[in-house]
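Visitor: Dock chain S against chain C, hints included.
Sequences listed follow chains C and S, in order.
Under this note's numbering, the first residue of the first sequence carries the number 368, and numbering increases by one thereafter.
Under this note's numbering, the first residue of the second sequence carries the number 16, and numbering increases by one thereafter.
Wrong hints could be hidden among the right ones.
[To be verified] The calculated lysine-lysine pairs, modelled on DSSO-like cross-linking and capped at a C-alpha distance of 30 Å, are:
no., chain 1, residue 1, chain 2, residue 2
1, S, K125, C, K912
2, C, K920, S, K21
3, C, K920, S, K64
4, C, K861, S, K125
5, S, K64, C, K912
6, C, K920, S, K125
7, S, K17, C, K749
8, C, K717, S, K107
9, S, K94, C, K738
10, C, K749, S, K31
11, C, K749, S, K107
12, S, K120, C, K912
13, S, K21, C, K861
14, S, K31, C, K906
15, C, K906, S, K17
16, C, K717, C, K876
17, S, K64, C, K861
18, S, K257, C, K906
19, C, K849, S, K64
20, C, K717, S, K233
21, C, K749, S, K233
22, C, K906, S, K64
23, S, K21, C, K749
24, S, K31, C, K920
25, S, K31, C, K912
26, C, K920, S, K17
27, C, K849, S, K125
Keep in mind the hints are simulated off the structure, nothing from the lab.
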Amino acid sequence: MMNPRIPEGPLDKKWEWYIAKARLINPANRRKYKVIVVGTGLAGSAIAASMAELGFQCEVFTYHESPRRAHSVAAQGGINAAKGYKNDGDSVWRMFYDTLKGGDFRSREANVFRMAECSMALIDQAVAQGVPFAREYGGYLSNRSFGGVQVSRTFYARGQTGQQLLQGAYQALMRQVALQQVQLNTCHEMMDLVLENGKAKGIIARNLETGELSTHQADAVILATGGYGKIYYLSTLAMNCNGSAIWRAHRKGAYFAAPSWTQFHPTSLPQLGNHQSKLTLMSESLRNDGRIWVPLKAHDTRAPQDIPEEERDYYLERKYPSYGNLAPRDISSRAAKEQIDAGKGVGPMKNAVYLDFQTAIQRDGKETIQKRYGNLFDMYEKITGVNTYSSPMLISPSAHFSMGGLWVDYELQSTIPGLFVLGEANFADHGANRLGANSLLQACVDGYFIAPHTVMNYLAGEKPSETPHHEFGTIERLETEKRIQRLLQIGGNKTAEQFHRALGTILTKECGLAREKSVMEAGLEKIKALQQEFYTHLKVPGNAKQLNMELEKAARVEDYLELAQLIFHDALQREESCGAHFRVEHQTPGGEAKRDDLNYQFVSAWEYADGNFKLHKEDLHFEFIKPQERTYT
Amino acid sequence: MKLTLKIWRQASNVSKGSFETYELIDLHPEMSVPEMLDVLNEQLILEGKEPVAFDSDCREGICGQCGFVINGNIHSPEKGVTTCQTHLRSFKSGETLVIEPFRAKAFPIKKDLCIDRRAFDRIIMAGGYISVNTGQAPEANSTRISHELAEEAFDSAACIGCGACVAMCKNASAALFTGAKISHLAMLPQGSVEAGKRVKSMVAQMDAEGFGSCTMTKACEAVCPQGISVANIVRMNSEYWKA
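Same shape as in the complex, but just chain S:
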C-alpha cells in the first residue's frame, strides 16, 4: 500500500519545528506504525538525509515508550491501542497521515517525535511507592486481599506511563496517571498506611511540574491504551480531601 506522511521535524528543544512530507509506496498492511517509520528512515539514511527520531522499544504496547499523534488521534485511530500496536491495516492506501509528537508543556520535545516524560518519574519520586525496605516483609499470605480488590488494584496499576492522557487533555493534566498510582497503592492494605502523605505530595509535585488541572471531560480515559478509568481521579480527589 501507499501512504503520504506529514511528519513533525524539530532538531532540538530550542529549534523551531515544521512538517515535512514523505511518500512511501511499498508498504504492507501487517506492518506497525514504527515499522513503517523504520522503512522511511532506511530510505532517508540511504538518501543522505537525517532519519526521523522516534521512540519505541518493546513494540508490544507495554513499555510505554512509544506514542505519537496520528491525524489528531493520540496513539492511534483505534481505541485502546498504543502507537506501536497500530498496524497499517487501520489506514487506507493513498491516505495521508499527519504524525506529530504528544504535546504538553511538561513533556518538552527532545527531537522530532521524541519527548521527555521524566516529569512522571518525579511525580512517582514524590511518594508513588510503599515505604518498605528489602528483606523485612511478612509472609505474603498473612496479608489477605480479596479477589475483587486485587483485580481492582491491578486495573489501576496497569498504567504504562505513556502520557496519552496528558496529551489528550486540553489542560494537559496528569490526573489520570497520578490518580492511577495513588489508587493502586491506597486501595491495598500495604499502601493505605501512608495514603494521606502520599496523595498530598504527589498532587503537589504534579502541579509543580506544570501539568494543568482536571475538569473531568474524560478525554483521558477515552485514549488510554490500558483502559484506566477516571474513577481513579475520583479516588485521588477523595483521598486528597480525606488527607
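One chain only, chain C, in its complex shape:
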C-alpha cells in the first residue's frame, strides 16, 4: 500500500503545520545545493525562480528556444482562487469541495484543500508581478464563472490568462538568470534520469541544435514537463508536448498514477480535414454566455439560422438544469459525444455541436459580448473563416489535460527520493476529472508555494554533492546514445508522424471518451502490433549530430507507444466509471457515470517492472467530507 505521507491534524492546519515543522537550510549553506528543473512552463519557471530566490543553485532545461514558449502560454480562460470577492458564498472550503466533487472523489483531500488554500496568495503574487487581470471599473479585480461551480471565482486576463501568468513566471525566471542564480539551458531535452544509491541525482540532456549529449548532476531533480494528452495525436496541446521525461523517470522506478485519465475538453474546434495536426481549444469561459445545442432531428442538414427554436435541443440545459451550459467538462464532453453518435452532429464532418451566442447578444448587446470574448471570436474567425456574431461556433470534445502523471506524495516527491514532480506532470490534485481554471492554479502553487518548502525539507537531509566523479551518468549516457542509434538505423519506410497518427486513432477510438472492455483489449493488441511495426518500419532521416526534428519526434513516439499500453492496462483495470473515465459497462439507467467507491476508491500507481506493469494502490480516505453521487442536475 502506498503511503502519501499526509501530515496529521485538522484539514485546514495540515499545510501550515507542515511548513512550521519542515527542515530548513541556512541561507549561507543553500548555495552549496543545486537543483535541476526540467520544463519552463508555469510550474517549472515558478519553482526555478523560487529556489533561486531562496539562494539555491538552479539549472534549468527546456526544449524550447525560450522559456516563454512553454505550453502554459496557451491556456485561455482563467485561474481559480477562493478570494470570495463576489460575496457569492465562495470560500476555501467550497472550492475544496467543488474541486473534490469535480474530480469525482478520486483525489486526495489534503492536496486539494492545500491548492484551494494557496490560491489566494497566488493571485496576490501574480498581481505583484504585473499580470494585467481584468478589473472592474472601481479598480478591483473582476471574476467570472467556470464549469462545475456555482460561484464566480475565476480570475482572467481576457482570453489569454495562461500567457499572462507565464509572462510573470518567465520574467521572474529571467531575473534570476540575469542574477546568475539560474543557469538556463534552452533547446535541451531531457533524455534520461540519473540515479545514485536509488536517489535522483541528475539527468542526461540532448542539445537539440547540435545533437550533443551532456550529463548534469544535482542534489534533487524537479520535473515540470506538462501533460501527455498529445499521445492522442489530435489534441488541444502544442505539437511538441510529450510524455518522454516522465516516462523515462517511470522506467527508472517512479510510479505512474492514473495514466488513463485524460480529460476531453468540450469546447475545442472540431476536426475539419484529414491532414489536421491538432485541434484548437476555445476557452470554456465562452460557456458563460454561449448556449450549446444540436438539431432535434438527426441528420438535419439545414443551416443553423434556418432551424427554428422549437427544433433545437439545448441538451445541457435540458439534462443539467442547475449547471446548464456550465456543466463540468467530462459531463459536457460525453453529452456532446452522445448527440454526435445519435446522428445529430453538425458541421462538414458531422462531428460538432453548436455554441451559440445569439441569446446573449440579444440580451446584452453585441458590444458587451465583444468586450468579453472579442479575441476568442477573432481567433475563431481566423481559423475557420466564420463570424461568431452572426453564426454559431462549431465545437467538439478533444483530448486535453492529463489528470494522470507520475505519482507523488504530499510533498510532491515521486517514489524515487529526490525526484519531485510538479504541475500537470504529476497526478495529484485533480482526481478523475479537472474543473476549468484549476490547471494554471495547480501549476503555479506547486511551483511558487509548495515545492520550495518540500524540496528544501528534502535537501536538508542530504549532503551537498561534490564535483561529479567521471563515471557519473556514463551508463545512462551510453544507453541514450545506443537508443538514438537504434532509432536512426531502423531504416524503414514510415515516418514517426505516421506512427503517431496511427497511435492516436487507436487511442481515440478504443480508449477515448467511452470505454469498453472488449474494445480496449483489441486496442491494446493493436498498439502492440504498431510498436513492433515501429521497430521494423520507422524511417528517421539525417543523423544524431545535428538539429534533427524527426529524431526528436521518433524518440517521443517510441515512449508514447509504451505509455499507450499502460493507459490501456489502467483503463481496463478500473471497472467503474469516474470523471474522464467512462466505462459503458458501468452506467446508471439514465446513462450517467456509475462510480464504485467500495472497490475503486484508490489511486492506481503503476510500477514499470520491465514493461510488465505492476499495480500498487493508494487508498483514498475521506475524513472531512463524504463522497456523494456526483450530480449536476
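Guide: Positioned in the frame of chain C, the structure of chain S alone reads:
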C-alpha cells in the same frame, strides 16, 4: 488544391542557403501553412530527402514560435495573423509561394526556416520584470488599477515575442517588442517604481544585441499578429527621456 513552394534551405548558420522548389498537389484549403509543410516533409522523408526544418508549436497563434516570410509578407498575407494561423484558403490553387525565414542580424538562421530569437530573452533579462520575490505580495485588491488602465496594460502585455516586428523593420529594430514590455510594466503601479532603471538597461541591451534603431515607419505595427501599437514605442521613448 495545388501549390508550388520555393523554400529557403540552409543546412546551418555557417553554410550558404538557396531556394528549392517543390510541387504539392493534394492540398486542402482548410490546412494551415505548417500543416502544408508537414505534408511536404512526409513526402521528402519517404523520398529519402532531408525534411524542411521549421518552427511551430502551439499552432494557435499564441506561443510565438512560428513565423516565416511568405511571398514577402511577414507571417502571412492576411493581417494580424501568425503563420500557423494562415490557412491555404488565403491562396489560390496553382499559386507559387516563396517561403523564407525572418531575416535580421540579431536573429541568426539555425537551419532552413528556423531562427534563433534568444536576443529577446536577453532584453527581458536586462530588466523586463518587476523585482518581486515569491510569497511576499500584498493582498491583490489593495493595488487598485482602473479598468481602462488594466486593459491598456494588457494591450501591451499581449506581445507573443514572435519577432515579426523585427523582420519587417528595414533597420531590424526591436523597438516594438521592447517598447511593449516597458510600457506594460511602467504603466502599472507595481512596475512603475523601477521604470527608469528598467528602460535604460533594456534599451542598452537592445542596442548591444545588434537591433537597429526605430525610425517610426510603423511597419512593425502593420504586421504584428497581436496588434501591438507603436504608441508603445512612444511610451518607451518618453520613459527613456524621463529616466
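Visitor: Next step is simple, just say for each hint if it's right about the structure.
Guide: Hints and how they fare:
1. Taken as a hint, the K125(S) and K912(C) pair is honoured in the structure, with Cα atoms around 14 Å apart against an allowance of 30 Å.
2. Annotation: proposed proximity of K920(C) to K21(S) holds, straight-line Cα distance about 25 Å (limit 30 Å).
3. Under the criterion of a C-alpha separation no larger than 30 Å, the hint pairing K920(C) with K64(S) is consistent with the structure, at around 17 Å.
4. With a C-alpha separation of about 27 Å, the suggested pairing of K861(C) with K125(S) holds against the 30 Å cut-off.
5. Between K64(S) and K912(C) the CA atoms are separated by roughly 17 Å; this keeps the pair inside 30 Å, and the hint holds.
6. Straight-line distance between C-alpha atoms of K920(C) and K125(S) comes to about 19 Å, which keeps the hinted pair within the 30 Å bound.
7. Proximity of K17(S) to K749(C) is assessed by CA-CA distance (about 22 Å); at most 30 Å being required, the pair is judged to hold.
8. At most 30 Å may separate the alpha-carbon atoms for a hinted pair to count; K717(C) and K107(S) meet this at roughly 27 Å.
9. Simply put, K94(S) and K738(C) have alpha-carbon atoms about 21 Å apart, close enough for the 30 Å limit, and the pair holds.
10. A C-alpha spacing of about 36 Å is found between K749(C) and K31(S), which places the hinted pair above 30 Å, so the restraint is violated.
11. With a CA separation close to 17 Å, the supplied pair K749(C) and K107(S) stays within the 30 Å bound.
12. Among the hinted pairs, K120(S) with K912(C) is consistent with the structure: their alpha-carbon atoms are about 25 Å apart, no more than 30 Å.
13. Pair hint K21(S) plus K861(C) holds up; C-alpha atoms about 25 Å apart against a cutoff of 30 Å.
14. Simply put, K31(S) and K906(C) have alpha-carbon atoms about 27 Å apart, close enough for the 30 Å limit, and the pair holds.
15. As the CA atoms of K906(C) and K17(S) are separated by approximately 27 Å, the hinted pair is consistent with the 30 Å bound.
16. With a C-alpha separation of about 16 Å, the suggested pair K717(C) and K876(C) falls inside the 30 Å cut-off, and the hint holds.
17. Taken as a hint, the K64(S) and K861(C) pair is honoured in the structure, with Cα atoms around 13 Å apart against an allowance of 30 Å.
18. The straight-line distance between the Cα atoms of K257(S) and K906(C) is roughly 59 Å, outside the 30 Å bound, and the hint therefore fails.
19. The hinted pair formed by K849(C) and K64(S) meets the criterion: a straight-line CA distance of about 24 Å does not exceed 30 Å.
20. At most 30 Å may separate the alpha-carbon atoms for a hinted pair to count; K717(C) and K233(S) exceed this at roughly 44 Å.
21. Annotation: proposed proximity of K749(C) to K233(S) holds, straight-line Cα distance about 23 Å (limit 30 Å).
22. In summary, the hint linking K906(C) to K64(S) is supported, as the alpha carbons are separated by about 11 Å, within the 30 Å threshold.
23. Using a Cα cut-off of 30 Å, the hinted pair K21(S) and K749(C) holds, with the two alpha carbons roughly 25 Å apart.
24. Proximity of K31(S) to K920(C) is assessed by CA-CA distance (about 27 Å); at most 30 Å being required, the pair is judged to hold.
25. The straight-line distance between the Cα atoms of K31(S) and K912(C) is roughly 19 Å, inside the 30 Å bound, and the hint therefore holds.
26. Note on K920(C) and K17(S): the hinted pairing holds, with a Cα-Cα distance of about 28 Å set against a maximum of 30 Å.
27. At most 30 Å may separate the alpha-carbon atoms for a hinted pair to count; K849(C) and K125(S) meet this at roughly 26 Å.
When each numbered hint is compared with the structure, violations occur for hints 10, 18 and 20.
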